[in-house]
Amino acid sequence: MGEDAGDTGGHELASLKHSIDDLYLHTMSIIIFFMQAGFAFMEAGAVRSKNTVNILIKNLLDMCKSAFLSSCKEVSSSLGGIAYWLIGFPLAFGSDGNFFLSYNFWANNNLPVKEYGHWFFDFVHAATASTLVCGSMAERCNFYAYLVYTFVITGFIYPVASHWTWHPEGWLKRTAFKDYAGGGVVHMLGGMCALVGTVLMGPRIGRFHKKTGEPHDIRGHSVPLAALGGFILLFGLLAFNAGFRGHISQSGDGEVISRAIVNALLGACGGGVGALVIHHAGTFGPTNAWSFLMTLNGALAGLVGVCAGSDVFPSWAALVVGVGAGFTFLCLHFLLLRLKVYLSGNANVGAVDDPLDAFPVHFGGGLFGIVAVAFFMEGGIVFNPSRNSAAVLEWNLVGALAISGWSASLCLALFGILKKLGILRVSREMEIQGMDLMKHAEPAYPSTAWEDCDPGPYGP
Amino acid sequence: MGEDAGDTGGHELASLKHSIDDLYLHTMSIIIFFMQAGFAFMEAGAVRSKNTVNILIKNLLDMCKSAFLSSCKEVSSSLGGIAYWLIGFPLAFGSDGNFFLSYNFWANNNLPVKEYGHWFFDFVHAATASTLVCGSMAERCNFYAYLVYTFVITGFIYPVASHWTWHPEGWLKRTAFKDYAGGGVVHMLGGMCALVGTVLMGPRIGRFHKKTGEPHDIRGHSVPLAALGGFILLFGLLAFNAGFRGHISQSGDGEVISRAIVNALLGACGGGVGALVIHHAGTFGPTNAWSFLMTLNGALAGLVGVCAGSDVFPSWAALVVGVGAGFTFLCLHFLLLRLKVYLSGNANVGAVDDPLDAFPVHFGGGLFGIVAVAFFMEGGIVFNPSRNSAAVLEWNLVGALAISGWSASLCLALFGILKKLGILRVSREMEIQGMDLMKHAEPAYPSTAWEDCDPGPYGP
Amino acid sequence: MGEDAGDTGGHELASLKHSIDDLYLHTMSIIIFFMQAGFAFMEAGAVRSKNTVNILIKNLLDMCKSAFLSSCKEVSSSLGGIAYWLIGFPLAFGSDGNFFLSYNFWANNNLPVKEYGHWFFDFVHAATASTLVCGSMAERCNFYAYLVYTFVITGFIYPVASHWTWHPEGWLKRTAFKDYAGGGVVHMLGGMCALVGTVLMGPRIGRFHKKTGEPHDIRGHSVPLAALGGFILLFGLLAFNAGFRGHISQSGDGEVISRAIVNALLGACGGGVGALVIHHAGTFGPTNAWSFLMTLNGALAGLVGVCAGSDVFPSWAALVVGVGAGFTFLCLHFLLLRLKVYLSGNANVGAVDDPLDAFPVHFGGGLFGIVAVAFFMEGGIVFNPSRNSAAVLEWNLVGALAISGWSASLCLALFGILKKLGILRVSREMEIQGMDLMKHAEPAYPSTAWEDCDPGPYGP
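Residue numbers (the working numbering), protein chains in the order written: chain A, 6 to 465; chain B, 6 to 465; chain C, 6 to 465.
Next up, chain A with everything else stripped away, as it sits in the complex:
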């Protein structure tokens, strides 16, 4: 190191900055990667014990897929044939492109290596969007349908919307549209896909009364597992908001990142406490329970809510947005349970069954945030009602509409086709027996491992 030290030129400094940025990106990426475990356990805790292994393997495969996709930068040049590199990556971030999509890097190794950070974050996003769908279709989704939809969402639906929002040529990027950490393009999009999927799939057997349509809670088998997932997600989401800046060596980076972390925390706090209090107050029907799961989902909704502007909210606004997102989550949660009944006036049908509340949490939280950012960001409508701040509101509404419409219509086609083909949902028998035994031959908690059973001819 001695000889280097003698060189005090700018080259040395630039190289050091590069090292710091690398360290920052690598550290945050590793922590963000752990979020896949968060999703896995949140979903595992929220399903019945008979489908636990099924949900775990889907999340492990999502992790693999995320790994796979995250590396396309280098792989794309060599592997070829894998749809994502041929489709998703070029569509979103090709250097040639128009307002709607881009169309180079198709199987190209010219992508500069320093794009790594950009790529990793984008692919974690893609994985998040499709993981949400996995939750909303839990306990009844066919394994092949899972493979297909996850491919289409991460390979086509998400990348195009991501191109709109983040590619320099994207039509939304060139407007006043403001979405720092993907409240719209990740969470609203994923939540909308989840809603369409679960509506076309239909509710789980036993979720609604066959005659009256009255909802009947199907509880998850382990609150502690769900809580574990929730805590890991909160942990990862801090790194997510911290990492989105993309670099830390420029002047002012540190403060933006501080603010993003603090706002993420406050959003979670506002959403969690807000949902707890609002729910306990009996706003949505008589109860005197202090609900843990409502608090946890509220905290996640709050975090999703502040994503759109965690870099520009004053702290108190992050809290307010968190509460608003938590409230939106509760409204949508209870709305879904009654939706079809309201629509049809005929009680003799089931309503929407979203076991993980993917739509209320992610679409609801995301939508609230994408609107709220126009009001509460520094220089927003609340502080300075002007042409500029109104433009953010306009374009965010347009963006929210476009993203919702895009994902809803494509998912309608996607899940509609899968349904027509009869491979969307598992058989009635398998749904009742559970998928762990029938599909994976691995019960989550094998009874023989819990007792001193007689080993018979295998015995001592």
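In short, the hints are calculated from the structure, not lab data.
Owing to the predicted nature of the structure, the values given are computational and were not obtained by experimental measurement.
Some clues are possibly wrong.
Heads up, the list lumps identical chains together, so a pair's fine if it works in one copy or across two of them.
Computed cross-link-like contacts, SDA-like style, restricted to lysine to any residue with a CA-CA straight-line distance of at most 25 Å [unchecked claim]:
1) Lys444 - Trp455
2) Lys444 - Arg224
3) Lys444 - Ala294
4) Lys444 - Ile283
5) Lys178 - Ala395
6) Lys215 - Trp455
7) Lys215 - Ile428
8) Lys178 - Ala286
9) Lys444 - Thr292
10) Lys444 - Ala286
11) Lys424 - Ala294
12) Lys178 - Ser20
13) Lys425 - His221
14) Lys444 - Thr288
15) Lys444 - Gly287
16) Lys424 - Asn293
17) Lys444 - Phe339
18) Lys215 - Pro451
19) Lys444 - Pro220
20) Lys215 - Ser452
21) Lys215 - Thr453
22) Lys178 - Leu398
23) Lys216 - Leu417
24) Lys424 - Val153
Could you slot chains B and C onto chain A? The hints should help.
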């Protein structure tokens, strides 16, 4: 980046240092934040299944509160009215103040942004202190009492003691008092509050024989969950000790941080192995069990023990202090179970029931460390018995006494009033039924989620 | 900071580089440390509930041991007498030494402080190697035998092989032998020790039919716990591959580290998906199950496989190596179950019982990787078949053979002696009853904590 690189001035370097320090603080803070999950699962595993959700929601709210408090820096200026900013923050770290407390920044936005690191660590500490109390009062504490005491401890009791120790004007700070990572002001204080709370609360039903006062183990429902919490805490505590330095870009920082991490590991190791061996040797009654929970609590006690001087202990001393803290934990653990019996000479009373061993681990470990640091720190009594090293011992004893007295007397008032008002403890019925069903309407492991129950009219 | 900023000399820059490297090493080390939790839960989930606490305490002690060893740098000078410093450390990394081992630093404080990073990684490796053995001998290993073998492996067997590979004087280090992150010296060595241990120990009661030798699955008690462990391991292994570079401030470091992370992810992905598909295809017997545990172990095998060259594989090659490692794992998994039958032609004997698949995953994955690196590294045989690339193959084969031979022969002696002394295996009674109750007096899930039992005289 090119144009910046041309500037080789000191400004550029200072800015880079700032970036490195920011990255260091953010990374450590994110990992430290995960400790709330550690506390949550350690406590969840240590209670019975009927109170699992109750303890999880308290920890999630502690996390929210911690988020809330951690952001007061910015929020204080705007939100107002929230007691912590009006009370806790100014009391501890106002820039005007006297030896006992400070009294500005009451609702003030003049707090410089670069105080973020300082703040975050202090508030994680505040959250830790009140989380300990949550553990010691587990399975019988009223939810409203929880809301009140957590507010008073984090808003008043802790901040004043923190002012004494860490504020430049604090009366302890201006002496030879030595406490690097809060062994005294966090762990002893939290442990003492926990003790007063659990004594005034009384033991759980069934913990002591009604006639003889003989203790009867109430086991936690899941050792793996407790182990998960313990491992996460060890993970977070490494970051805690690493992060306490506050900056990493100054010359010598790296080595202090290395030492703090290594000493934290060694303290945990000494405490864990020490407690295992001492307990197995039958020191506290006949046993031939190799106890996992004793090892885990011993490791935590060891970690708490080295906090006071993890930056200044030679490595072998960290090991010794860990063993000593583990031994102190065991002594207090067994003392508590017999305490009232010893005091009264009358067996016909129950003794102290501290389900999480918050007092033995945190007060015991902290006290041992705060004394030991005077002996084993570099330049301490063992190495160089001098006026200076004796002064550390004197002032650490004075500080320990002051912190214990302050927290004990205020908690006595706090919990005494709550008890008088009859809102300290849940009803006998709720305690026997468990709080998950009665208060939260959410069993941790719903039986219907574990079987193929007949869904009746909701069925297929 | 102002006065420093005025100094723009090289000294300042060198000091900043040092800070960045420290931060990098500390952060990665803290995350790597969390891997001990990963091993703990993977093993806990894979054993029966009656042995859960037993496996948790062993992993907690491994963590302590790892802490202990990781600090030997400073401790060695003072504590003395502890075998590792007297034996392991000097053998591996003394500054005086020959091709086989080194022999100074015996109780020496001259080891420079800046060796910390080097040390920490080496000792995590040592801990990993012995943790593997813990898994393969699960549910029947004597606690004293555990204490002995863990001491010998981490104190002698591993350090000597580590000296060969990584010490500048080591005989393998001075050849073309290529092993970036310990695929050979850690994973093959640990896997081989695990095999010898489990063969000499014999299978668990009930694992094979007494007459026919037909294997009978003994399932672990909790797939979610095993999954938790697996996710944590994947999380930690990313940091492991990232951290192995040792510094991040030199030019080019960032890209090597990026590549190592991406390749680790891709290896896991290839191994996991590969094992899933190959197993589901019925390659090893009729099945139509999508097995989660095979996927998880395959992912780990893939990660182990790329360790040897994660810094030099092109991304597509990492994927290929991952698939190959996953396939190797499956082959060895099914081979072990039939091994003795094949060898003897007599069905009336049991075969090899490796509850955690330590040998198939770590030896198999490691061996595949150590061979594959010669083919698929940049400039390897596939790209440029030359004398140089052939030399890597030759020396990697020699190294693999030497490491396997060394560990197999010493473990044969070690476990043979323990068996002769009759302390290798617990009694038949204890094995059937489970060790949690008999040895630790702590059931993992105490039944009394799950019900509203009548507290009798301890009652209300």
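How the hints compare with the structure:
1. Within a single copy, Lys444 and Trp455 get their C-alpha atoms as close as 22 Å, and across copies as close as 18 Å, so both meet the 25 Å cut-off.
2. For a Cα distance limit of 25 Å, the shortest separation of Lys444 from Arg224 qualifies both inside one copy, at 22 Å, and across copies, at 17 Å.
3. In this assembly of identical chains, the alpha carbons of Lys444 and Ala294 lie at most 25 Å apart only when taken from different copies (5 Å versus 37 Å within one copy).
4. When the C-alpha separation of Lys444 and Ile283 is checked against a cutoff of 25 Å, the pair qualifies only between copies, where the shortest distance is 16 Å, while the shortest distance within a copy is 41 Å.
5. In this assembly of identical chains, the alpha carbons of Lys178 and Ala395 lie at most 25 Å apart only when taken from the same copy (17 Å versus 52 Å across copies).
6. Taking the shortest alpha-carbon separations for Lys215 and Trp455, only the inter-copy value of 22 Å comes in at or below 25 Å, while the best intra-copy value is 37 Å.
7. In the homo-oligomer, the alpha carbons of Lys215 and Ile428 lie at most 25 Å apart inside one protomer (24 Å), although the nearest pairing across protomers, at 44 Å, exceeds that limit.
8. Within a single copy, Lys178 and Ala286 get their C-alpha atoms no closer than 41 Å, and across copies no closer than 46 Å, so neither meets the 25 Å cut-off.
9. In this assembly of identical chains, the alpha carbons of Lys444 and Thr292 lie at most 25 Å apart only when taken from different copies (10 Å versus 39 Å within one copy).
10. Taking the shortest alpha-carbon separations for Lys444 and Ala286, only the inter-copy value of 14 Å comes in at or below 25 Å, while the best intra-copy value is 43 Å.
11. For a Cα distance limit of 25 Å, the shortest separation of Lys424 from Ala294 across copies, 23 Å, qualifies, whereas the shortest one inside one copy, 39 Å, does not.
12. Proximity of Lys178 to Ser20 under the C-alpha cut-off of 25 Å is found in neither arrangement, the shortest distances being 30 Å within a copy and 30 Å between copies.
13. Taking the shortest alpha-carbon separations for Lys425 and His221, neither the intra-copy value of 28 Å nor the inter-copy value of 42 Å comes in at or below 25 Å.
14. In this homomeric assembly, Lys444 and Thr288 come within 25 Å of each other (Cα to Cα) only across copies, at 18 Å, whereas the closest approach inside a single copy is 41 Å.
15. Taking identical chains as interchangeable, the C-alpha atoms of Lys444 and Gly287 lie at most 25 Å apart only when they sit on different chains, with a minimum of 14 Å there against 41 Å within one chain.
16. For a Cα distance limit of 25 Å, the shortest separation of Lys424 from Asn293 across copies, 23 Å, qualifies, whereas the shortest one inside one copy, 41 Å, does not.
17. For the identical chains of this complex, Lys444 and Phe339 are inter-copy neighbours only, at 21 Å across copies versus 33 Å inside a copy, given an alpha-carbon limit of 25 Å.
18. For the homomeric pair Lys215 and Pro451, the shortest alpha-carbon distance between copies (23 Å) is at most 25 Å, but the shortest distance inside one copy (32 Å) is not.
19. Proximity of Lys444 to Pro220 under the C-alpha cut-off of 25 Å is restricted to the inter-copy arrangement: shortest distance 22 Å between copies versus 28 Å within a copy.
20. Taking the shortest alpha-carbon separations for Lys215 and Ser452, only the inter-copy value of 23 Å comes in at or below 25 Å, while the best intra-copy value is 33 Å.
21. Proximity of Lys215 and Thr453 under a CA criterion of 25 Å is satisfied inter-copy only: 19 Å between copies versus 36 Å inside one chain copy.
22. Taking the shortest Cα distances, Lys178 and Leu398 sit within 25 Å of each other inside one copy (14 Å), while across copies they are farther apart (51 Å).
23. Taking CA atoms no more than 25 Å apart as the test, Lys216 paired with Leu417 passes in neither setting, with 27 Å inside one copy and 58 Å between copies.
24. When the C-alpha separation of Lys424 and Val153 is checked against a cutoff of 25 Å, the pair qualifies only within one copy, where the shortest distance is 12 Å, while the shortest distance between copies is 54 Å.
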